[in-house]
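In terms of this note's numbering, the numbers along the sequence shown are unbroken and rise by one, the last being 239.
Simulated from the structure, these hints should not be mistaken for laboratory data.
A few of these clues could be false.
[To be verified] DEER-style ranges, computed between Cβ atoms:
no., residue 1, residue 2, range
1, R122, E15, 30 to 38 Å
2, A223, H54, 40 to 48 Å
3, G137, L51, 36 to 44 Å
4, V10, A112, 24 to 32 Å
5, P136, R198, 26 to 34 Å
6, N93, R118, 17 to 25 Å
7, T100, E228, 27 to 35 Å
8, E25, T47, 19 to 27 Å
[What the hints assert, rightly or not] Below 20 Å or equal to it, Euclidean Cα-Cα: the simulated SDA-like pairs (lysine to any residue) are:
no., residue 1, residue 2
9, K151, L101
10, K151, L203
11, K151, G84
12, K151, L110
13, K151, G141
14, K151, R198
15, K151, R234
Just so it is clear, CB atoms sit at the ideal spot from N, CA and C, and this is done for glycine as well.
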Amino acid sequence: MSRGERVSLVGPAGELLPPGQIAAELRAGSPTQVALLDGHLFGTIPTYARLVCHQLATIERPWVAPADVAALDRELLRLARRSGCRALVVGPNPDPMRRTLDGTVDPDRLRAAAADLRRIRRAGLLSVVHLSVGRPGDDAGVFGRAVWLCKAGRVAFPRLARAESDDVVGAPRLGSDEVQRGLEWARRALHGRWAIWRRTGALDAAGRVALLANYRTRRMVLAAPRVEATVAMRLARAL
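Build the full structure now, drawing on both the sequences and the hints.
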């Protein structure tokens, strides 16, 4: 996807802008550039999201938007696709893994998160998922869980990164070297051939775009020295 302009959904005072105004701004731009609808999580106010989609359906302009994946139902996703949506950006907040403040990951919540992400792909859209690791409460199993979520959730573009200092409240359980090693292992695990095919899903137009992009990334990932999972990571995955 080519980079385009940012179009805010909120005004200076934090109010949501009229959908017609947003459509007019997109109409004035280049019809081939992908617009990022920013400032508001798509889907958190379903009525507003639907009104925006109806307005954008009147113009031929591709767009992406940050979204609250838990708020996206099948009907809204299909409406978004028909209005020109190409991808939805999820995370790092709200946390795509749905960890609690102490880092606990409930298996049922993680499976529900994967199901919500799969719904995006089944609607013919792609997902870009930002996952921060190394937060307080994260153990060595966080990397395996992140990889599982991206595979099970059909995440076309996983973005794993070290937790920002602003997000870290309290002492992390993982050291800096552990986080870096875990990140390198996870990126390689996500860019194996089978992992790429599983994440990109059906070979529709969106799937082909994701497949080619992931194979380009795979070449860069595999060019780096191989990093094996640590004993703690393997033990956490086995438990």
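Results for each hint:
Between R122 and E15 the C-beta distance comes to about 33 Å, which sits within the given range of 30 to 38 Å. Our hint of 40 to 48 Å for A223 and H54 holds, since their Cβ atoms are close to 46 Å apart. About 39 Å separates the C-beta atoms of G137 and L51, a value consistent with the hinted range of 36 to 44 Å. With their beta carbons about 29 Å apart, V10 and A112 fall inside the hinted range of 24 to 32 Å.
Separation of P136 from R198 is about 31 Å and conforms to the stated range, judged on CB atoms against 26 to 34 Å. In this structure, N93 and R118 meet the distance hint of 17 to 25 Å, their C-beta atoms being roughly 21 Å apart. In this structure the hint that T100 and E228 lie 27 to 35 Å apart at CB holds, the actual value being about 30 Å. A hinted range of 19 to 27 Å holds for the C-beta pair E25 and T47, which are about 21 Å apart.
Restraint check for K151 and L101: not satisfied, since their Cα atoms lie roughly 24 Å apart, outside the 20 Å limit. Between the alpha carbons of K151 and L203 the distance comes to roughly 16 Å, so the proposed pair stays at or under 20 Å and holds. The hinted pair formed by K151 and G84 fails the criterion: a straight-line CA distance of about 25 Å is larger than 20 Å. The suggested pairing of K151 with L110 holds, with an alpha-carbon distance near 12 Å, which does not exceed 20 Å.
Taken as a hint, the K151 and G141 pair is honoured in the structure, with Cα atoms around 16 Å apart against an allowance of 20 Å. Only pairs whose Cα atoms come within 20 Å are accepted, and K151 paired with R198 is accepted, the gap being roughly 6 Å. A distance of roughly 18 Å separates the Cα atoms of K151 and R234; the hinted pair therefore holds under the 20 Å criterion.
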